[in-house]
Amino acid sequence: RIPMVGASGAVSGVLGAYLLLFPHARILTLVPIFFFLQLLEIRAAFVLGFWIVIQLLNGLVTFSAEGGGVAWFAHIGGFAAGCMLIGFFKRRTVPWGWRRYRSF
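So the working numbering is basically just the index in the sequence shown, starting at one, shifted up by 47.
These aren't lab readings, by the way, just hints derived from the structure by calculation. Just so we're clear, the structure is a prediction, and the values are computed from it rather than from any experiment. Do not rely on the hints blindly, as some may be mistaken.
[Unchecked claim] So the derived label-pair ranges between C-beta atoms look like this: (1) Phe93 to Met131: 17 to 23 Å; (2) Phe81 to Val58: 29 to 35 Å; (3) Gly96 to Lys137: 19 to 25 Å; (4) Leu87 to Val58: 20 to 26 Å; (5) Met51 to Leu104: 15 to 21 Å.
Ideal Cβ positions, reconstructed from N, Cα and C, are used throughout, including at glycine.
Sequences are here, hints too, so could you generate the full structure?
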């Protein structure tokens, strides 16, 4: 076994929390369609659902592999932890003076 160091599990936790907080948000995504690249707005639930399926498949494929590499199960565990723990950290009320801003 080779130990790994990184923050990808924590980043995955943020993605899991984002999925539960903003499932209908649209994410501007660069998608290859044949030989062309297209910018599409895709729902966060679809993007993150697709992402976690890829993590699960890669984790299962490399389950018996030896050596260093990507910690797929850290991604999966972080994502699951983010989904489960967001309820403890979520504010119950919106702070006074909070306004909604567009990023673009």
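These are the hints, each one checked on the structure:
The given range of 17 to 23 Å is respected by phenylalanine 93 and methionine 131, whose C-beta atoms sit roughly 21 Å from each other. Checking the proposed 29 to 35 Å range against phenylalanine 81 and valine 58 shows it holds: the Cβ atoms sit about 31 Å from each other. For glycine 96 paired with lysine 137, a C-beta distance near 21 Å keeps the hint of 19 to 25 Å intact. Taking the beta carbon of each, leucine 87 and valine 58 are about 23 Å apart, inside 20 to 26 Å as hinted.
Separated by about 19 Å at the C-beta atoms, methionine 51 and leucine 104 satisfy the suggested range of 15 to 21 Å.
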